[in-house]
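Novice: Starting from the known structure of chain X, fit chain F onto it as the hints suggest.
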Amino acid sequence: MIAIGCDVGSLFAKAVVMDGDKLLASRIARTTGNVASELEDLLSAVVSDAGASRNKVERLVATGAGADLVPGADLCEDGVACVAAAAAYYLPDVQLAIDIGGQSITALLLDPDGDVVNFMRNDKCASGSGRFLEMMSEKLNLDVSEVDRETAAAKGPVELTAQCGVFAESEVITHVNAGASRPDVMAGVCAAVAKIVVAQGRRFGSAGHYTLTGGVARTQAVTRIIRQKLPGTFHQFPFDPQLAAAIGAALLADTD
Amino acid sequence: MYYAGIDIGSLTAEAVIVKDGKVVAARIMNVFPNPVDSAREVMGRALKSAGIGAGDISSAISTGYGRDQVQAAGMAQENVSEISCHGYGAFCVDPSVRTVIDIGGQDAKVIKMDGSGKLMNFVMNDKCAAGTGHFLEVMSRTLGVGLEELGPLALESKKPVLMSNRCTIYVETEVIHYLQRGVSRKDVAAGISRAMAERVVALARRVRPEPKVMLTGGVAKNTAVRAELEKILGARMERPSLDPQLIGAYGAAMLAAKGAAS
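Residue numbers (the working numbering), protein chains in the order written: chain X, 1 to 256; chain F, 1 to 262.
Just chain X, with the same shape it has in the complex (with noise of 0.2 angstroms):
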C-alpha cells in the first residue's frame, strides 16, 4: 500500500512517501504563515519525488500539532502513536522513546508489543526543545544544521547554568562577552540540552534499550551527550529521525 504520512509540528512539517514499510521519499519544510498552502505545496513535491501520482496514494494520514490543517487528510493519529509506532516498527527491542520536537520533548515507555504503556511529555517549557536550540544557535549566528561542524572544534565547552530558553540566551551572551569560543559555547548548549534530555528520559527509571527521535535527535554534538549520560542500549533510528513521526503515521494507514 502507497501512503503518506505528514506531521505538521510547531515549527516543521515532514511528510513521507511509503509503500509498506520502505520509504519511497521525505520531505521537511518550515512552517511559516500560510500553513494550509505550505503543506498542499509539500505534499506535492514529496509525491512526484517518490515518483508517484497522487491518485496511485491510498491513504495519508496525518499527525502532530497542526494535523488538523493536511489537506485531504484521510486519518489523523496522536503523535505519540506515531512515533511508537515507527520506534516498535524498526527498532523491535527498544524499550523507550525520546521524541525531542520543535516545541517538547516526550518520553514514551514501549512494551513488547510495541504498545505505549507510559509516555510524559513537557510542552509547558522550551527547556531543551528544538526551538531552544535554534534560539541559542541564532544567537550565535549558527543555523542548527551548521551545530555538529562548529561544535567538532570545542576545546572546552562553557557551562550553562540556566534551564529557562531566555535566561540561557542571556548567559550565552555572558560568555561571548567574555571571550569563549563559539564553538566552546555552542557546545555548552549542547550539554545543556542533552542534560535536560536526559532528565526526561529518566524520569521513567531505567532506560535499558532506547531511541532518540524528532529533530533535535539529528545533531550528534547533543546525542552523542544524551548516549554518555543516559545508561542503557542505544539503537540508531534508521531514518532521519526527525521523521519518525511522518513514517509512523504512514506505517498505521495499513492498521485500520
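I should point out that these hints are in silico values taken from the structure, not numbers from a laboratory. You may find that some hints are simply not true.
What the hints assert, rightly or not - Facing chain F, according to a computed beta carbon distance under 7 angstroms, are these residues of chain X, among others:
no. : residue
1   : 65
2   : 89
3   : 124
4   : 131
5   : 164
6   : 165
7   : 166
8   : 167
Backbone N, C-alpha and C define an ideal beta-carbon position, used for all residues, glycine too.
Specialist: Positioned in the frame of chain X, the structure of chain F alone reads:
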C-alpha cells in the same frame, strides 16, 4: 540617634539613614566592582546629605549581595538577608502589610511577615522567565511598544486574548500569531498582562498571601499587571510611599534602630 542601612545589590547600591523612624537621607548609585568600595561611597554620600559624620551613626546593618564583606570591613555591626530587610522595610512603610510581592527584571519573590514585620516565609522564582520583568520586556519588544506603554495599552482593551502557554518563548510565538491574524495590539497587551499576573499569582499562592499586599520592583509600575493581580488574587496591591528600590536599605536601617531599642 541615627541608624543606617546599606544595601549592596548586583547592579545598584543604596544607603538609608533614619532618625526617630524617619528617613533623613537616602542615596542610590550604580555599584563598583568591589562591594566595600560601593558601600563606602554610597554611605559617604548619604552622610553628606544628612550633614553628619560616620561617628554619628549609632549602628548600621548591611544587606544584599555584598553584606558579609561590608560588615567585615567594619561599616556595619550586623548583616541581615535582603529578604528579611525587604519584608521589614515594607512593614515599616505600612504596618498593616503582611505580604510583599517583589518582581524584578530577572526574578520574582513573595515575602510573608508576621505582625511585627519579622520574616515568616518566602518563595522565589529565578529559574523561569515567566512571571518576571524579563517576560514583559520580551513581550513589549515583540509587540513593538515601549515597556512603559504596555500597561496603558492593555487597559484600553475590552477583549483580552487568552494565552494558552506559560513559557516566555511559547507565549512570544502566540503573540506573533495573534498579531498576524490581525488581533489589535491592545487586546494582545491585555492577554500578556493577564498571563504575567497568572504566573505571579501561582508563585504567591504557595505562601497564602494576606488580602493586603505591597507590590514592589519594576513591574509594580505596570498598571495593567497590577490590576490583573488584584483581580486574580482578590487582594489589594499597595504601592509603597517610599521609592521601592530603597526598601531593603530602609528595612536594614529600621532593623538597626529596633536592635538598639531592644
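Novice: So, for every hint listed, does it hold in this structure?
Specialist: Evaluated hints:
Given the 7 angstroms rule on beta carbons, the hint for residue 65 of chain X is violated: about 12 angstroms separates it from the nearest Cβ of chain F. For residue 89 of chain X, the shortest C-beta to C-beta distance to chain F is roughly 32 angstroms, which exceeds 7 angstroms, and the interface hint is violated. Because the beta carbon of residue 124 of chain X sits about 6 angstroms from the nearest beta carbon in chain F, less than 7 angstroms, this interface hint is met. Using the Cβ-Cβ criterion of 7 angstroms, the hint placing residue 131 of chain X at the interface with chain F is satisfied: the shortest such distance is roughly 6 angstroms.
Because the smallest distance between the Cβ of residue 164 of chain X and any Cβ of chain F comes to about 5 angstroms, under 7 angstroms, the interface hint for this residue holds. Annotation: residue 165 of chain X was flagged as interfacial toward chain F, and the flag holds, the nearest CB pair being 5 angstroms apart, inside 7 angstroms. At a threshold of 7 angstroms, the smallest CB-CB gap from residue 166 of chain X to chain F is about 4 angstroms, leaving the interface hint in force. Of the supplied interface hints, the one on residue 167 of chain X holds, with its beta-carbon coming within about 6 angstroms of a beta-carbon of chain F, less than 7 angstroms.
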